[in-house]
Amino acid sequence: MTSKNLSPKRQRGVTSPPSWEPSIVVFACNWCSYAGADTAGVSRIQHQPHFRMIRVMCSGRIQPGFVLRAFEKGADGVLVSGCHFGDCHYIFGNERAVEQFEKTKNVVKLLGLEEGRLRLEWISAAEGARFAEVINEFTDQVRKLGPSKLSARKLSAISYQLSAISQRVRRS
Amino acid sequence: MPELAKAAKQTRAWACYDCGKCTATCPIARAGGAYSPRRHVLATNLGQPSVIGDNGTLFNCLTCSLCDRRCPAQVNYTELVRKLRELSYREGVEPECPHGGALQSVMRMMATGGTEQRRMDWLGADLKTEPKKGEVFYWTGCTMYYDAFFPDLKVTTLEGTRAAVRLMNTAGVTPVVSAEERCCGHDLLWNGDRKNFELLAKHNVKLVADSGAKMLVTSCAECLRTWKIDYEPFFEGTPPQIIHITEFLAQQWTEFSFKTTNSRRRVTFQDPCRLGRHLGIYDSPRQVLAALPGVEHVEMRRSGPAAMCCAGGTWSNCDRFAKQIQVERLREARATGAEVLVTACPKCQIHFRCAMKDPKLGGEIEIEMRDVAELVAGALK
Ligand code: FES
Numbered sequence: 017m018t019s020k021n022l023s024p025k026r027q028r029g030v031t032s033p034p035s036w037e038p039s040i041v042v043f044a045c046n047w048c049s050y051a052g053a054d055t056a057g058v059s060r061i062q063h064q065p066h067f068r069m070i071r072v073m074c075s076g077r078i079q080p081g082f083v084l085r086a087f088e089k090g091a092d093g094v095l096v097s098g099c100h101f102g103d104c105h106y107i108f109g110n111e112r113a114v115e116q117f118e119k120t121k122n123v124v125k126l127l128g129l130e131e132g133r134l135r136l137e138w139i140s141a142a143e144g145a146r147f148a149e150v151i152n153e154f155t156d157q158v159r160k161l162g163p164s165k166l167s168a169r170k171l172s173a174i175s176y177q178l179s180a181i182s183q184r185v186r187r188s
Numbered sequence: 042m043p044e045l046a047k048a049a050k051q052t053r054a055w056a057c058y059d060c061g062k063c064t065a066t067c068p069i070a071r072a073g074g075a076y077s078p079r080r081h082v083l084a085t086n087l088g089q090p091s092v093i094g095d096n097g098t099l100f101n102c103l104t105c106s107l108c109d110r111r112c113p114a115q116v117n118y119t120e121l122v123r124k125l126r127e128l129s130y131r132e133g134v135e136p137e138c139p140h141g142g143a144l145q146s147v148m149r150m151m152a153t154g155g156t157e158q159r160r161m162d163w164l165g166a167d168l169k170t171e172p173k174k175g176e177v178f179y180w181t182g183c184t185m186y187y188d189a190f191f192p193d194l195k196v197t198t199l200e201g202t203r204a205a206v207r208l209m210n211t212a213g214v215t216p217v218v219s220a221e222e223r224c225c226g227h228d229l230l231w232n233g234d235r236k237n238f239e240l241l242a243k244h245n246v247k248l249v250a251d252s253g254a255k256m257l258v259t260s261c262a263e264c265l266r267t268w269k270i271d272y273e274p275f276f277e278g279t280p281p282q283i284i285h286i287t288e289f290l291a292q293q294w295t296e297f298s299f300k301t302t303n304s305r306r307r308v309t310f311q312d313p314c315r316l317g318r319h320l321g322i323y324d325s326p327r328q329v330l331a332a333l334p335g336v337e338h339v340e341m342r343r344s345g346p347a348a349m350c351c352a353g354g355t356w357s358n359c360d361r362f363a364k365q366i367q368v369e370r371l372r373e374a375r376a377t378g379a380e381v382l383v384t385a386c387p388k389c390q391i392h393f394r395c396a397m398k399d400p401k402l403g404g405e406i407e408i409e410m411r412d413v414a415e416l417v418a419g420a421l422k
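Chains as they are written, first to last, in the working numbering: chain U, 17 to 188; chain W, 42 to 422.
These aren't lab readings, by the way, just hints derived from the structure by calculation.
Model, not experiment: these values are computed from the prediction.
Where is the CB? At the ideal position from N, CA and C, for every residue including glycine.
Heads up, a few of these hints could be off.
Claimed, not checked - Within a straight-line C-alpha distance of at most 20 Å, the following computed SDA-like cross-link-like pairs (lysine to any residue) qualify:
{"#": "1", "chain 1": "U", "residue 1": "Lys125", "chain 2": "W", "residue 2": "Glu277"}
{"#": "2", "chain 1": "U", "residue 1": "Lys125", "chain 2": "W", "residue 2": "Lys174"}
{"#": "3", "chain 1": "W", "residue 1": "Lys174", "chain 2": "W", "residue 2": "Glu277"}
{"#": "4", "chain 1": "U", "residue 1": "Lys89", "chain 2": "W", "residue 2": "Glu277"}
{"#": "5", "chain 1": "U", "residue 1": "Lys165", "chain 2": "W", "residue 2": "Ala220"}
Claimed, not checked - Now the stretches of chain W that chain U is said to cover, found in silico as 3 or more residues with beta-carbon under 8 Å:
{"#": "6", "stretch": "133–143"}
{"#": "7", "stretch": "150–158"}
{"#": "8", "stretch": "168–175"}
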């Protein structure tokens, strides 16, 4: 899906120029959050489509390198998700995930990226509605922040700025 | 391949007469790894492109430069391996970073730039620094990133950074410490990523040039090597004088007054490869340790030019052989009866602290680790 298949209704609420939509990477564990996304799908719950999902067996696998690589390659936001505490298929994998996430957050902060570009969420296989809610909320949050300044996709950032300027010109 | 012939020429690989001393000296080979510097030299001389792929073994080299010192034909293997890695990188071969490439990503993001790093939080109110202009530039290196990234190893590389600034203040120097400093690019260069290294080099050289500093002091042996040797082509006009913090301390020694003490703590010194074999700086850390009251410095079995590497160069290799080298080295340090293992490079500290976490050996190889500057600052009046 691209921004083109967005219904006009959803686009109206968008604050940034429509020419730019965030690129978000979602890491999801096989047993809960990925299945949660599935639940959202089969229940036909609508949500924003500006993310790519990467499935891992357990959120404990998501080391800082994964998230940082996503930012390096131009992601505007990264969402890490896994099972609720006590539900991890591997018992304590998500506790590991929290440790890794803390490290990642510290490094992201040092780099000067906004903290709002990174989020950790627990989503169970049954929580399809919650998945959609988290995605919508996070997408809006990242959209508000605009393109990542560290983005390797400098071009998209430039076109964003250009359209922002032209909008301002049009308004004045 | 013409590139191989060129590399052979530039690094004197052509002079190799197959004696095999390099492989015999190589710490990785000695620990049992299937690694042979000689094979790479030979393949380069024969122009075999397979050396570039070589299952990524090029990235196992510690770049400790021990073989360079022993080579009777003065082949610069360390330089050769770097050139080969550059060719390798161009072909898409990347090192298997034990940290999932996180640190490489951080370095590349710094190379891209565009954000304002929040790297100055460590700077306490008691430390005097200048944000932009001044006579002396203190190059912090990435210690704040290391402390944030390795909380489980309990590394305290920032303590060395703080101590260095405190010492400079005591010597009457208010150094420039810039929030716009970026990674020196050392590891990217040694991983073969020249493009991003050059971006970093240009930014950093300009930053220091704009500060008007005549002297650049750093606590990191790797930054020092990069500034002194690898940044050479990027300087315009006269470059600043580039020195290590231990050299600065040795020069300014009379400025410091120390607490009087009757007790003596035995310490031993780990020569960082970049400081020692790469730059030939062996004396200044020893001068500092010898003059420091309350400290007795003893050498390890292998020290100075023969010192063993911390086995973690350039974030490109960490395997059981590296671990074995680290454990052996820590045993050597313990055998001296020293209480503290002193280093002059944050990376040595990180890698040894990691080795000490060995659940079976912990107690046997555990030893306190400190940066030289920390030790000196701790003894100040
Ligand atoms: S399996 Fe879902 S978090 Fe471990």
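Now for the hints, and whether the structure bears them out:
1. U:Lys125 with W:Glu277: 33 Å, violated
2. U:Lys125 with W:Lys174: 26 Å, violated
3. W:Lys174 with W:Glu277: Given pair Lys174 (chain W), Glu277 (chain W) holds - Cα atoms ~18 Å apart, limit 20 Å.
4. U:Lys89 with W:Glu277: With a Cα-Cα distance of about 32 Å, the restraint between Lys89 (chain U) and Glu277 (chain W) is violated, given a limit of 20 Å.
5. U:Lys165 with W:Ala220: Roughly 17 Å between the alpha carbons, so the hint for Lys165 (chain U) and Ala220 (chain W) holds.
6. 133–143: holds (count 5)
7. 150–158: holds (count 8)
8. 168–175: Three-residue rule not met by the stretch 168–175 of chain W, so violated; n is 0.
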